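Chemist: Now for the letters of each chain:
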Amino acid sequence: MDLQQFLPLSLDRINVWIGVLCTLAIYSLLYRENPLYRFFEHMYIGLAAGYSLGPLGVDILYRYWITPIWVQGQWAWAFLVPFGMYLYFIYSERYGWVSRLVIGALVGTSAGLFFQEFASRYVVQLHSTLSRPLWMSSANPEADLFGVITNWVFIIILVSVLVYFTFSYPQKGVVKNVATAGRWFLMIGLGAIFGNTVMARMALLIGRIYYLLSDWLMIRI
Amino acid sequence: MWQIQNPNTPTGQLILWMIVLGAFIMIMGLVPLLHALPPRGRRAIIVIITFITGLFFATEFFLPINKEQKNFLTDAIQPAQQAVQVITALALGLGTYGLVRLHLRNVVQRRTQWGYSLVLLISFVVMATFSIANTLSEQGLVEKTPLLEQGFKLLFDYTLVQLDAAMFSLIAFYIFSAAYRAFRIRSVEAGILMFTAIVVMIGVVPLGATISPYLPGVANWILTSLNAPVQRAIEFGVGIGGLAMAIRLWLSLERGVT
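Top to bottom, those sequences are chains X and H.
Sequential numbering from 265 applies to the first sequence in the working numbering.
Sequential numbering from 403 applies to the second sequence in the working numbering.
Chain X on its own, in the form it takes in the complex (with noise of 0.2 angstroms):
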């Protein structure tokens, strides 16, 4: 390894052993909290909080509320930011009710959209699952026998996690034997997720080994 390029005499090189400082100073927490966690734990919550004023503050009220009046010359929107003022006043004892207003609106917002996701995915997801075919006929000329097996599994398996789930009335006899047989499908299930969990944070931790050892260390892997 050649000392001058490893060291951080160059811009690129600082970036890259700021990178390090930083990677290193978060896993220091693994010994135990210490200051210099702590500290890079306010950079980073600072730096994220000021970061998200650019792209989610400005840029959006520039593209959507400064150029359609200014540019475009749509006058009735100058209305919208002192009516989403109203949520600032939230800190006011005497008028922390007129905030209410703006959560209302939003609340009613996304209320409206949550109907419009439940028909556009819900009612979507529910006529793919019903429309599977169950069997071989001429009426289903491209479903094969493993393709029937798996569509019956599916089937099976959605029917005894909702009856798990289902909690209006008793579950006895062959109810309980299916919401049974549920819980071990949603165990499965559950297995699948967590298995997927470890190994999307495992390639995560791989991303910055490869970093101190590639970047930082210069490494060739």
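These aren't lab readings, by the way, just hints derived from the structure by calculation.
Remember, predicted model here, so these are calculated numbers, not experimental data.
Every residue gets a Cβ at the ideal spot worked out from N, C-alpha and C, and that includes glycine.
Heads up, some of the hints might be wrong.
Unchecked claim - So the derived list for chain X, only partly shown, Cβ under 10 angstroms to chain H, looks like this:
hint, residue
1, I278
2, F303
3, S316
4, V322
5, W339
6, I354
7, W361
8, R364
9, A375
10, F418
11, I419
12, W448
13, F449
14, L454
15, A464
What the hints assert, rightly or not - Okay, the calculated beta carbon distance ranges per label pair:
hint, chain 1, residue 1, chain 2, residue 2, range
16, H, I573, X, L300, 15 to 25 angstroms
17, X, S395, H, V544, 47 to 57 angstroms
18, H, L520, X, F382, 39 to 49 angstroms
19, X, F382, H, T411, 42 to 52 angstroms
20, H, R583, X, Y355, 36 to 46 angstroms
Please build the complex by placing chain H on the supplied structure of chain X, with the hints as guidance.
Modeler: Just chain H now, with coordinates in the frame of chain X:
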């Protein structure tokens, strides 16, 4: 009707400034009037606003559409969504104000560990300056100087992104202790969970194919044929629960909001 002619002329700009100023005075002037209402009247206004905004989005979706795939509300959807984004951007300012106020108070009153609050405030101010300047330069409103470019690159690419990746990869270490607790077989369910997780974890890496050529296929089959219907059943439950909650919120039956 909603647009003035020649907005980019000096006269047009002056008219727009007057309208914006007038809108601020008018909307803020409404506050004392609204405050004069009795509590029941205030609640009624909040309920009406909540209901109308929800009704607008729901109605637009469920009303029949014509040959142009539109109904009479469709053209208003995009401006409405833009309005929601603007209000959300203002809400971001509210959250930021809360964060800054809390840490500023820590520093001013020299509370325990106020130094960390100072670090947070300094990093916030520096990053906010560069982030806003960078956004404005992308819109062509500010010149992109080398200082801005290098400074933003240093703060974002070499600090924030690195801290973000390190923070989330840290979870990999803690997930192992979680795995130890989860994988202790004390029931049939825990055994199934452990077996599935191990098969999936080993099956999706090259080690799985080394152990058995069938293992990656089994892991894939678990993910697509066994995991997918379970996830769909969970999603249906979430969907129905979400729908019930949306109706309660829309009709202002959730007392916490109104």
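Chemist: Does each hint hold? Answer for all of them.
Modeler: Now for the hints, and whether the structure bears them out:
1. I278: 8 angstroms, holds
2. F303: This hint holds: F303(X) lies near chain H, its Cβ roughly 6 angstroms from the closest one there, short of 10 angstroms.
3. S316: 6 angstroms, holds
4. V322: 5 angstroms, holds
5. W339: 5 angstroms, holds
6. I354: Hint on I354(X): holds, closest Cβ of chain H at ~7 angstroms, below 10 angstroms.
7. W361: 6 angstroms, holds
8. R364: It holds, given that the least Cβ distance between R364(X) and chain H is near 5 angstroms, below 10 angstroms.
9. A375: 4 angstroms, holds
10. F418: Because about 5 angstroms separates F418(X) from the closest Cβ in chain H, which is inside the 10 angstroms limit, the hint holds.
11. I419: With a closest approach of 8 angstroms, the I419(X) hint holds.
12. W448: 6 angstroms, holds
13. F449: Cβ of F449(X) sits 6 angstroms from chain H, so the hint holds.
14. L454: Constraint on L454(X) satisfied, holds at 6 angstroms.
15. A464: 9 angstroms, holds
16. I573(H) / L300(X): 15 to 25 angstroms: Distance hint for I573(H), L300(X) holds at roughly 19 angstroms.
17. S395(X) / V544(H): 47 to 57 angstroms: 54 angstroms, holds
18. L520(H) / F382(X): 39 to 49 angstroms: Cβ of L520(H) to Cβ of F382(X): about 47 angstroms, so the range 39 to 49 angstroms holds.
19. F382(X) / T411(H): 42 to 52 angstroms: 48 angstroms, holds
20. R583(H) / Y355(X): 36 to 46 angstroms: The hinted range 36 to 46 angstroms holds for R583(H) and Y355(X), with Cβ atoms some 42 angstroms apart.
The earlier numbered hints are all upheld by this structure, with none contradicted.
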